Amino acid sequence: MRATIRDPVTLRSIGPIELLSYLRARGWQEAARTNLAALWQVASTNGSQLEVVVPLDQSLADYHRRIFEALEALELHERRSQLQILADLEATGCDVVRARLFVGEGNALPSLEDGRLLHEHARNLILAAACAHVEPRRAFAKRKPERAMLYLRQARFGYPERGSYTLKVVSPVPPKLAATHELFPDSIEEQEPFERGVIRTLASALESMRAATIEVAATNNIAPMIDAVNYGVSANLCEAIAGLFDVSVGDSLDLTFGWESGRGAPAGVVSAISIPSEARPILDECARILKESETVTECRVVGLVQKLEHLAGGAGKATIFGSADGEPRTVVVQLAPQEHQAAIAAYEQRREISVTGELKKTGKSWELVHPRDLVLVEA
Amino acid sequence: MSPEEQKQQFSFAFVRAVASVAGIAVTQPSIDDDSIDLTLSMRGGPGPIISPRLEAQVKCTARRDVPAVDFGFSLKIKNYDDLRQPHVATPRVLFVVLVPDDVPNWVSIAPSEMLVRYTGFWVSLRGNPDSGNATSKTITISVAQQLTPNALTQLMNAIAAGNPP
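Taken in order, these protein sequences are the chains called D and U. Start counting the first sequence at 1; every next residue gets the next number (this note's numbering). Start counting the second sequence at 1; every next residue gets the next number (this note's numbering).
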């Protein structure tokens, strides 16, 4: 299909930095520049010189006209549709994750409810990778690392692509800048940006998870999945993929990664991963075990004291029924004399208490260790 | 073809003829939402801008004769506002082509020559103030700014030098 993009709003949405990065990545070179526009050139296949005027200020009255001309020139030069070029421009300066989903027969679109779930699970998938990039853990509690939460505000959903329903997440990556020896004689150490680290972790986690599900199925042992935690696998990641399988009816979930052209693909990472739908029950069980075997730090338990047990020296043990890390749980906590007295008061007054500590599974029950900040909740 | 379409086609041909003598390429943009009819471009130039470009709106009006002094021309307010924009990457001008009232007199073709009547002028409205008018604005066309190959070359050279009209 040969479509020409004329909509001024769409044309104005393409920023000068996106266009400049796109041109640079494809061999175009700047020939001249004023404070309003730059002229970029490339040799065409027939030897002639092609030119594109890049407007440098989005408030220019003719900004959209210059972008329109640039798209026309790129369409001619690359022999690709403007829609394809627009999709790549949108991803310029970004890593892109595509999840190909099957939401019904043919080119069916997801229902509003399925669409909501797809976006929620995709968000959780990216968040699980961001948390694992901060620190690999078997499970991430409701309270996530601040840096990971901040990243969720930077990454974007891209426009869905036609055909099968492809959900796209676009993760902006800072450009890799060349620093000459004259400028910085001591040479600045190259560092992976957090944004790139998240998507790299996602790719390595998904590939490790795919391989681990086969091992787990073959051995009936969770050990391979626990080993994969070091590569970014977590209960949250398993749950997010399982959630996508709830909505997608295909035989597999196909994820592909497009890497920001300036930095290229990270070493040792697979860029296309296919997770078979048979993996779904294994992922559910692995998620449960990973979650229950992880200590939840800084966990706040809020609920009613159901049972009290006196220990030596005025200390005591309380059983609280309520909410722990957002899940309904019965939690046992050992208290020092002063906190024990507060728990007795809460029990007698039928008031809820709030206490923070590290939540862990002990046998069949949940225990909150190192309790602190115990208070009676205002009625 | 309506008389208006005839005028438009003739005026475009006039600009193309003048530009071709000056060695300036003329294209018709396929996006037309802010009063631009033709784009003129030139390779090379005397200044830092190595491929100067100019965008033009082209108007054609029929008259009994060619005025000897500056004259007024009424422009739709949308066109006026589009052309007076100061903040553009490619400068904009207005070309006004004058033709005789009588269409057959627009050209005379002899065995060895073709005479085109009448002539064209250019004007830049860049940075003009908001007129406050609702429908149209009368602008002044200077007869000193005739649209000739030499005038077009000078315009393009000025743009190349970073001095847009």
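Read the hints as simulated data drawn from the structure, not as lab findings. Don't take each hint at face value.
[Claimed, not checked] These stretches of chain U come out as covered by chain D in the derived footprint (C-beta under 8 Å, 3 or more residues):
{"hint": "1", "region": "24 to 31"}
{"hint": "2", "region": "50 to 63"}
{"hint": "3", "region": "86 to 94"}
[To be verified] Here's a subset of chain D near chain U, in silico, CB distances under 10 Å, partners left out:
{"hint": "4", "residue": "L11"}
{"hint": "5", "residue": "A32"}
{"hint": "6", "residue": "A37"}
{"hint": "7", "residue": "L39"}
{"hint": "8", "residue": "V42"}
{"hint": "9", "residue": "D57"}
{"hint": "10", "residue": "L60"}
{"hint": "11", "residue": "A61"}
{"hint": "12", "residue": "D62"}
{"hint": "13", "residue": "Y63"}
{"hint": "14", "residue": "R65"}
{"hint": "15", "residue": "F68"}
{"hint": "16", "residue": "E69"}
From a predicted model like this one, the values you see are computed outputs, not experimental measurements. For glycine and all other residues, C-beta sits at the position ideal for the given N, C-alpha and C.
Results for each hint:
With 3 residues having a Cβ less than 8 Å from any Cβ of chain D, the region 24 to 31 of chain U passes the three-residue criterion, so the hint holds. Check on the region 50 to 63 of chain U: 4 of its residues sit with their Cβ under 8 Å from a Cβ of chain D, so the three-residue criterion for coverage holds. Look at the region 86 to 94 of chain U against chain D: 5 of its residues bring a Cβ nearer than 8 Å to a Cβ of that chain, three or more, so the hint holds. Annotation: interface hint on L11 (chain D) holds; nearest CB of chain U at approximately 8 Å, less than 10 Å.
Look at A32 (chain D): its Cβ gets to within about 5 Å of chain U, closer than 10 Å, so that hint holds up. For A37 (chain D), the suggested interface contact is upheld, since its CB lies about 4 Å from the closest CB of chain U, less than 10 Å. Satisfaction of the interface hint for L39 (chain D) is found here, the shortest Cβ-Cβ separation to chain U being roughly 6 Å, below the 10 Å cut-off. For V42 (chain D), the interface hint is violated, the least distance from its beta-carbon to any beta-carbon of chain U being 14 Å, above 10 Å.
Evaluation of the D57 (chain D) hint against chain U yields a held restraint, the C-beta minimum of about 8 Å falling below 10 Å. Below 10 Å, beta-carbon pairs count as interface contacts, and L60 (chain D) has one with chain U at about 5 Å; its hint therefore holds. A hinted interface residue such as A61 (chain D) counts as satisfied when its beta carbon comes closer than 10 Å to some beta carbon of chain U; here the least separation is about 4 Å, so the hint holds. Interface hint status for D62 (chain D): upheld, as the beta-carbon distance to the closest one in chain U is roughly 4 Å, under 10 Å.
Against a cut-off of 10 Å between C-beta atoms, the interface hint on Y63 (chain D) holds, since the closest Cβ of chain U lies about 7 Å away. The closest approach between the C-beta of R65 (chain D) and any C-beta of chain U is roughly 6 Å, which is under the 10 Å cut-off, so the hint is satisfied. The beta carbon of F68 (chain D) comes within 5 Å of a beta carbon in chain U, closer than 10 Å, and the hint placing it at the interface holds. Look at E69 (chain D): its Cβ gets to within about 8 Å of chain U, closer than 10 Å, so that hint holds up.
In summary, the one numbered hint that this structure violates is 8.
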